[in-house]
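Could you build the full structure based on these sequences and the hints that come with them?
So the protein lines, in turn, are chains A and B. Note that our numbering numbers the first sequence so that position 279 is 279, with each residue one more than the last. Note that our numbering numbers the second sequence so that position 413 is 413, with each residue one more than the last.
Incorrect hints may have been included.
Unchecked claim - Some, not all, of what chain A presents toward chain B, calculated at C-beta under 8 Å:
# : residue
1 : Leu95
2 : Val96
3 : Gly123
4 : Tyr270
5 : Tyr335
As the list claims (entries may be wrong) - Cβ pair distances, simulated, as ranges:
#  : chain 1 : residue 1 : chain 2 : residue 2 : range
6  : A       : Gly165    : B       : His211    : 57 to 63 Å
7  : B       : Ile323    : A       : Glu113    : 55 to 61 Å
8  : B       : Arg210    : A       : Ile187    : 52 to 58 Å
9  : A       : Phe132    : B       : Asn363    : 41 to 47 Å
10 : B       : Asn147    : A       : Gln122    : 36 to 42 Å
11 : A       : Glu113    : B       : Phe152    : 45 to 51 Å
12 : B       : Asp393    : A       : Phe132    : 34 to 40 Å
Since the hints were made in silico from the structure, they are not lab data. Backbone N, C-alpha and C define an ideal beta-carbon position, used for all residues, glycine too.
The residues making up each chain are set out below.
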Amino acid sequence: MTTQGLQEQKKLPESVKKASLLLISTGIVLMMISFIVDSHRAFYNYILMYSFIVSIGVGSLGLVALEYMVDAAWSTPFRRISEFLAFLIPFLLILVIPIIFGIHDLYHWSHKEAVETDPVLQGKAPYLNTAFFTIRVFACILIWMLFYFLITKNSEKQDITKEYGLLTKNIKLSIGFAPILIITLTITAIDLIMSLEPHWYSTMFGVYYFSGTAVAGLAATTLLAVILKEKGYLHPQLQDRLYHSMGTLLFGLNVFWAYIAFSQFLLIWYADIPEETFWMMHRMHGSWGVVSLALLFIHFIIPFIILLPGRAKTNFRTLKIMAVWLLFAHMLDLYWLIMPNFNKESAFFSWNEIGFILFIVGFVLFVFKIKSDKTNFTPVGDPKLETGLEVKLYPDLSID
Amino acid sequence: MSTYREIPLVTERTTFPELDDVVFKPTETKPTKKWFLGITLSSTALLVGIICLVYSIYYGIGMWGNNNPVGWGFDIINFVFWIGIGHAGTLISAILYLFRQKWRTGIARFAEAMTIFAVMTAGIFPLIHVGRPWLAGYLFPYPNQHNVWVNFNSPLLWDVFAVSTYFVVSFFFWGLGLIPDIANMRSRTKSGIKKFFYSLLSFGWRNSNRHWQHYEKAYLLLAGLSTPLVLSVHTIVSFDFAVSVLPGWHTTIFPPYFVAGAIFSGFGMVATVLIVVRKVFDMEHIITMNHLDKMAKILLATGTMVGYAYAMEFFMAWYSGYIFEQFVFLNRAFGPYAWSYWVMIACNVGFPQLFWLKKVRQNIPLMLVIVILVNVGMWFERFVIIVTSLHRDFLPASWGMYAPTIYDIGIFIGSFGLFFTLMLLFVKVMPAISLTELKGVMKGSQPEHH
Numbered sequence: 001m002t003t004q005g006l007q008e009q010k011k012l013p014e015s016v017k018k019a020s021l022l023l024i025s026t027g028i029v030l031m032m033i034s035f036i037v038d039s040h041r042a043f044y045n046y047i048l049m050y051s052f053i054v055s056i057g058v059g060s061l062g063l064v065a066l067e068y069m070v071d072a073a074w075s076t077p078f079r080r081i082s083e084f085l086a087f088l089i090p091f092l093l094i095l096v097i098p099i100i101f102g103i104h105d106l107y108h109w110s111h112k113e114a115v116e117t118d119p120v121l122q123g124k125a126p127y128l129n130t131a132f133f134t135i136r137v138f139a140c141i142l143i144w145m146l147f148y149f150l151i152t153k154n155s156e157k158q159d160i161t162k163e164y165g166l167l168t169k170n171i172k173l174s175i176g177f178a179p180i181l182i183i184t185l186t187i188t189a190i191d192l193i194m195s196l197e198p199h200w201y202s203t204m205f206g207v208y209y210f211s212g213t214a215v216a217g218l219a220a221t222t223l224l225a226v227i228l229k230e231k232g233y234l235h236p237q238l239q240d241r242l243y244h245s246m247g248t249l250l251f252g253l254n255v256f257w258a259y260i261a262f263s264q265f266l267l268i269w270y271a272d273i274p275e276e277t278f279w280m281m282h283r284m285h286g287s288w289g290v291v292s293l294a295l296l297f298i299h300f301i302i303p304f305i306i307l308l309p310g311r312a313k314t315n316f317r318t319l320k321i322m323a324v325w326l327l328f329a330h331m332l333d334l335y336w337l338i339m340p341n342f343n344k345e346s347a348f349f350s351w352n353e354i355g356f357i358l359f360i361v362g363f364v365l366f367v368f369k370i371k372s373d374k375t376n377f378t379p380v381g382d383p384k385l386e387t388g389l390e391v392k393l394y395p396d397l398s399i400d
Numbered sequence: 001m002s003t004y005r006e007i008p009l010v011t012e013r014t015t016f017p018e019l020d021d022v023v024f025k026p027t028e029t030k031p032t033k034k035w036f037l038g039i040t041l042s043s044t045a046l047l048v049g050i051i052c053l054v055y056s057i058y059y060g061i062g063m064w065g066n067n068n069p070v071g072w073g074f075d076i077i078n079f080v081f082w083i084g085i086g087h088a089g090t091l092i093s094a095i096l097y098l099f100r101q102k103w104r105t106g107i108a109r110f111a112e113a114m115t116i117f118a119v120m121t122a123g124i125f126p127l128i129h130v131g132r133p134w135l136a137g138y139l140f141p142y143p144n145q146h147n148v149w150v151n152f153n154s155p156l157l158w159d160v161f162a163v164s165t166y167f168v169v170s171f172f173f174w175g176l177g178l179i180p181d182i183a184n185m186r187s188r189t190k191s192g193i194k195k196f197f198y199s200l201l202s203f204g205w206r207n208s209n210r211h212w213q214h215y216e217k218a219y220l221l222l223a224g225l226s227t228p229l230v231l232s233v234h235t236i237v238s239f240d241f242a243v244s245v246l247p248g249w250h251t252t253i254f255p256p257y258f259v260a261g262a263i264f265s266g267f268g269m270v271a272t273v274l275i276v277v278r279k280v281f282d283m284e285h286i287i288t289m290n291h292l293d294k295m296a297k298i299l300l301a302t303g304t305m306v307g308y309a310y311a312m313e314f315f316m317a318w319y320s321g322y323i324f325e326q327f328v329f330l331n332r333a334f335g336p337y338a339w340s341y342w343v344m345i346a347c348n349v350g351f352p353q354l355f356w357l358k359k360v361r362q363n364i365p366l367m368l369v370i371v372i373l374v375n376v377g378m379w380f381e382r383f384v385i386i387v388t389s390l391h392r393d394f395l396p397a398s399w400g401m402y403a404p405t406i407y408d409i410g411i412f413i414g415s416f417g418l419f420f421t422l423m424l425l426f427v428k429v430m431p432a433i434s435l436t437e438l439k440g441v442m443k444g445s446q447p448e449h450h
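What follows is the structure in structure tokens.
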């Protein structure tokens, strides 16, 4: 049996919890100071932080659902990592509260006097108003929570009961979740990020954000999958070749992001309609132009070149570096989307921003630690596990 | 622990020689009456098309319904329609190959052939759309004495590159996959002339280890090259519309929306034809219910993606606060061409939702009806995009209506004639199923250690 030796599973060391709590508390202190010094700027940082946590949490849940939906077996030995990361979702219910208080600071459309003098905003008022915005934000979180609890409950129950029917149940749940996930992420993207600049619109925006969350979710999963494998937490029969599939998917999703980003930019640039171009113009001038170029290289060109060779996808060091790299790239992407709305003149970074980043790292670690203490790192009852561990590369993608 | 169940890809106990006999039968026996009936119909349709084409070229494209303001009519609608159909083949053979979807083996060859023929059919339309097809050579940028260069800024030129690249790579991919099977046919045939041609086309294939190694590598590389091409072709086609400033055409979601639509329409056509073919050639154990079920699921997924794009366009038109944008969409849904809009919505988003039900996915007659409706819906999608966006210009003084002439319809019928004539000839002379790949996924073909 492949499940031997997994009954008494190693737990992550307590030092992880200590480190995460230290990061969280330092982060919170810095965030508080940031709010006191410049609350306007701090709110923009806060929404960046919140969006990033949504990306990791909801992106990971999306990967879990994707596995069930397309009946993939190679990712089953890793699935718990994504499930643990998706445990961020219930916390969103608390994390979102400051945004509700910050609506007035963040969103121009929430100012009554601004709407009164602006016919375009008046037209959008049935959608962009404080009450409806709040309802949508909470509705999205509650929907994600519902599917998170339903899917992971079945998955965890299967560790004990080994019941085949739970797999079928989760497949059905995931298929139902897929369209809902796309719609809720689109709403989130439009509400939280696009409406920061309420005059601007792009039909692609939902897909753009969604493609970024997929990259971020998988990058986080890859990073942890490599570290946990190295430290011996994952299934002992887990072979390196499965990482090849993971690296390939990461590469593919990142190229998809680039495709969406390029298409959105090209169409707006080429048509040159002032209603749309002003948003891109803010990001092409001064130091924002440097950020835009950096985004092109950091999010696409460099990862593309590094992850393209077959060898890179089974090299643990490369995978780790690229996973961290892509997480940073996603953060840069969110920075590029959100921050020019705060300061159109020039890009900025200083101590005000650091607390939020520390909080993200600490918080993700903390949530991962407390969830993994209670649950197996390997879904030992999943009937796909054995198939997954034995997956052969067909086609053998490693041309050397 | 219950073990994970996998559905066999070839049902019924069958041996390799028996499979050979089934797949090679159409190429080795005299065509059946059904085949003659089919080719009679399709070549008649082709003839109708040729007559209308000759008229159009002789008298000029004033024979068509295109007018001012609707300058793009059936020609571009049909171009986009056929290019879309040409997307399933390479998706099945390249992308599903990289995704390790073994079920693709039963249908890949057929779908690839459809891709080739659909792209060839599509190619006719931009050619005649230019009005003077004998000058189309100028679309290719080459150094010349007149110093006449193409406009590199034009997406129509990008189309020339995208489509021709796609065609070339798909053709090589298809041809490469055919080599081992043609070698097999070469060994089986008794006729001297067939032996000569099959020998020529199999490039001296001897099934040696070294041949297979090279073949596998080349196949993988071509799969990797084709994958971005599947996305790029329809992306470029969408640019034809989306780089303009026209409400209804200029919207950023067009590239992925067109690609999803192309895969949707391509699978619609593949499913339509395969449902007929598996019956006619007794291949129900090779192209199984499992295959049809999976195709139905892909149709459901891509149809829903297209639905997302329709919803997004409509919502953003309202959200933009841009009155022209809002007008175009209201005009689409409630204007004089509202019927075409609702045909599109019903066929592309509505009916495919029935595929949520397993009963529908297992019911072949019903499935055939739905996939035919998908073809209809996707044709109307292009009609809606082109005609409804153009027919009411910014100034009401330049509003108009569009109606195709008999020549438009004739060429449209002719395009189906060309496509199906080529398909029927293909199943007569080439193996419609990739036997070497199919044998590789059968039970007992791979070493097992249980």
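For each hint given before, does the structure comply? Return the numbers of the non-compliant ones in rising order. 1, 2, 5, 6, 7, 10
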